[in-house]
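Enquirer: Each chain, letter by letter, is given below.
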Amino acid sequence: MSLSMIDGKILSNEAISSDCYSMMISVSDIASLAVPGQFVNIYVNNESKLLPRPISICEVDAYKGTIRLVYRAVGAGTKELSSYLEGTVIKLLGPLGNGYELLNGKKAMLIGGGIGIPPLLELAKRLDADKSVVLGFRDEIFLADEFKDYADVYIASEDGKTGVKGNVIDAIREYKLDAEVIYACGPTPMLRAIKEYGLSNNMIVQLSLEERMACGIGACLACVCKTANVDDHSFVNNSRVCKDGPVFRAEEVVL
Amino acid sequence: MSLSMIDGKILSNEAISSDCYSMMISVSDIASLAVPGQFVNIYVNNESKLLPRPISICEVDAYKGTIRLVYRAVGAGTKELSSYLEGTVIKLLGPLGNGYELLNGKKAMLIGGGIGIPPLLELAKRLDADKSVVLGFRDEIFLADEFKDYADVYIASEDGKTGVKGNVIDAIREYKLDAEVIYACGPTPMLRAIKEYGLSNNMIVQLSLEERMACGIGACLACVCKTANVDDHSFVNNSRVCKDGPVFRAEEVVL
Amino acid sequence: MNLSVDFCGVSFKNPITVASGTFGSGAEYSEFVDLNKLGAVTTKGVANKPWAGNDTPRVCETYGGMLNAVGLQNPGIDVFIKRDIPFLKQFDTGIIVNVCGHSEEEYIDVVERLSDQDVDILEINVSCPNVKEGGIAFGQKPDALNHITKEIKKHTNKPVVMKLSPNVTDIVEMAKAAEEAGADGLSLINTITGMKIDVDRRNFVLANKTGGLSGPAIHPVAVRMVYQVANSVSIPILGMGGVMNAYDALELMLAGATMVSVGTANFVNPFATVEIIEGIKEYMERNNIDDINSLIGAVK
Amino acid sequence: MNLSVDFCGVSFKNPITVASGTFGSGAEYSEFVDLNKLGAVTTKGVANKPWAGNDTPRVCETYGGMLNAVGLQNPGIDVFIKRDIPFLKQFDTGIIVNVCGHSEEEYIDVVERLSDQDVDILEINVSCPNVKEGGIAFGQKPDALNHITKEIKKHTNKPVVMKLSPNVTDIVEMAKAAEEAGADGLSLINTITGMKIDVDRRNFVLANKTGGLSGPAIHPVAVRMVYQVANSVSIPILGMGGVMNAYDALELMLAGATMVSVGTANFVNPFATVEIIEGIKEYMERNNIDDINSLIGAVK
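Protein chains in written order, with this note's numbering: chain A, 1 to 255; chain B, 256 to 510; chain C, 511 to 810; chain D, 811 to 1110.
Read the hints as simulated data drawn from the structure, not as lab findings.
Since the model is a prediction, treat every value here as computed from it, not as a measurement.
Take every hint as true, because none was put in to throw you off.
Every beta carbon over 12 Å from chain B, so not counted as near; a handful from chain C, in silico: (1) Asn512; (2) Ser613; (3) Ile618; (4) Ala647; (5) Lys660; (6) Glu792.
Far from chain D, by Cβ distances over 12 Å, these chain C residues were calculated: (7) Asp516; (8) Lys547; (9) Ile591.
In silico DSSO-like cross-links for lysine-lysine, where the CA-CA straight-line distance does not exceed 30 Å: (10) Lys719(C) x Lys1091(D); (11) Lys79(A) x Lys810(C); (12) Lys651(C) x Lys1019(D); (13) Lys165(A) x Lys106(A).
Ideal placement from N, C-alpha and C gives every residue a C-beta, glycine not left out.
All chains should be built: construct the whole structure from the sequences, respecting the hints.
Expert: In structure tokens:
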């Protein structure tokens, strides 16, 4: 009985691209505990929508007691969230899940795709290692500038308007990037490619997965991913993204 | 296509008894049309509650463009309504239904019971006739003082703490009140007694009925009352409270 | 952009109509909605004689839905023909007449009276959960449904659409029974039987105890049943159940409905029907869809 | 004030438990909820062997509800006995074990393994809509339900509660079939089969296409079915379906349920169970009700 549902007050909530929003929330109980790669459950103020929205934590300021979420307003729930004004109070649960294991001192590559980019920002701040950041976008660029204080940033875009035309692997090859450890978050096809690239180059690869969730705490078994070995919950090669993840070692999961 | 759903802005919303609230709404399109005895449909800002709340209009200020609603916060919808702060915008439809026929010049008695009292206030203001007001309460008195500018007010309370101990008929007899026309609104047992009292004394009796509604505009046939004669909608001795009423002549309805 | 659809051999300007019982015969809603914009008006169930319906309270609210037990109050076919059809003929919209009855004879009486009337389709309500005798008895047993459908078809040349109840173990079995009997189309789903108890007063909320659950709460059940039926029969479907917006309507069409009825949403927003039609147009524009018929049953 | 109830001959400190599958075996929720406060924990369905469940996505949200098609992923009875029962025995709460299977043999295998375990009641899931073979086949036909109930009763001395599906034409017929076969109690309702289509992507939202609808959207259906069954059989009922708060739970008890399961509400508010127990106490105090048993089936 260590966790509780907490009221958070929205300090700001503004668009940073055509459909991505940045929300700063005052919620010190979560800020004091959160580590890079964890997420929070947000309960929207709309009685027709029952399930919490799991949203990854983009930045944490334990001193100020704030967390920052950067999310894409794409479904009804996140669109609702994007409409909330400064001062709105929302319920949160968290921090949830297991974040990245910070392998300080080992040369690192942080690879993010689309709305998988935000959780890497706090990681970039906290990771004490020689590091590069590779970000993949479809077209519109967001959040990329904010990484520049912490690492060199390399960009791939599908439309080729910014950085390398193509995906993050194309950018890695183009810029001849190298690392001992990959920390990645993004769409499944990207993670699949990174897994193959990283493991074939003998890197340690940490992937943050996404799946539709219900409870967010590991009870309902909605958000499973296939695993290479028998999992220790149901013993059926299914791990729970919310509880056992969202960050997994690449060799653990079947993508 | 003359009606529309309109945004109204709540100017004030305060408790006037332990469970009754007075809400002032700025909504000039409704204020300019409303007559005593009509109601509005209020659509609450809660997605779990779909149906509009039909609430009688207590006062109208066509010049300021405001209407006043006095309602009891008893169900989930009205409790929600009672929580709305000044400045909240709600959707309204109205004015709906047929109000009282104002028989100016004929000696009048306005009889209200409990949450049936509010619509009589605008009637007391507009009715140009010698008039008395009889109000029945269970225990707690509300709104009674506001009638004193327009008529003598006689009170009955079930607990006997204010005015005559008993019901409105007891008060009428105690104070030997008389009239040519009764305008009444309140719970069905009270209306039944008033009907009998009024008709047996050869009075014109107008009763405002209440029934659970869905559409509020006469289409769904949820809120019917039994009528003495065949109705002209379904031809089955059922009138629609929302559309044919809520005010009926006593002889028309079977209570 | 083409929004018109063919349903049971009749062409409608767009796929949107209303659910029987939520819209009367259109007169009241015509104060809000330009009826000319609707694909069709589906009228309140009409019987061979006036029906008084159930005692009140007849409706109550539930979470994301409502219960109704109106009990098919209606003025009977005489008034309907004299008053309601002429009213609707003032507008450029289709007319789907919902027919109810206590017995085979009563259904036949109504459909015969309607056979020479200028209406487009007959929707046969064999699934109202709020009428004690008749009605639902035909809608929960495949044999009974098959039989009543055959009898009705014998007595009318109008297209006949059987309105199915969701309160069955196997909706496909019911749909096939109606199809085999010659139904021209199916409409589904009617309401799901529910109940609400007033905990404070410790009594039933509805005079009828039970009522039919409608509203967005039941929409996923409607999508499922429309999908199952559309993939099992070859007659077209008028889909309904909790449609609140254009996306809800499109879900039913993608699942296999040719037309869609808007019901409870009319109570929540009297302009729901026209807003849904506009929303469908916007969706088609945004997705470069020229013909709405390409969406019908597009998700397999 | 007495909150304790007798259900199938077992005494529980209060009538509130959780709906199978929404609460695991309690370990995860024990971080939020003091399990000692619950009348019982009803565990996630357990089979004779580990089940992998369905592909993802397994859940989605609907208006006032959700669909799930988890497909009964579970570690099998060996792990359950070794890990989950000992975990729960640390707490002062009842244990109701939900049992699933593909075939008669699989059900019997599990109930036999549980017969010498220190658990209170077996709840037999013959109504999961998300498993292709078995399960639901037993829950939609009275004969099949009667047969499996009899077979299970032969192989265990634990009280057996059959969990009924709402996806039937006549819930009373099903309830009677289970009662006749010797069921000690009934639990209802399981989820209602539904479907959601992603209109923008024009595809099913769930990998399984259909899923079970739960949440407050279906509560009126649960109240109706509990009422109908309670007034038709003499064995006690564990009621469930969309219970979000104390009033929802009380509705099911007034309709005839002896105990009530809280399901989807756990996802909406991890503290729902204990808040509901508190709310019931407050209601009883406000209404001067000394014994919760006086509320069971009090609305006729």
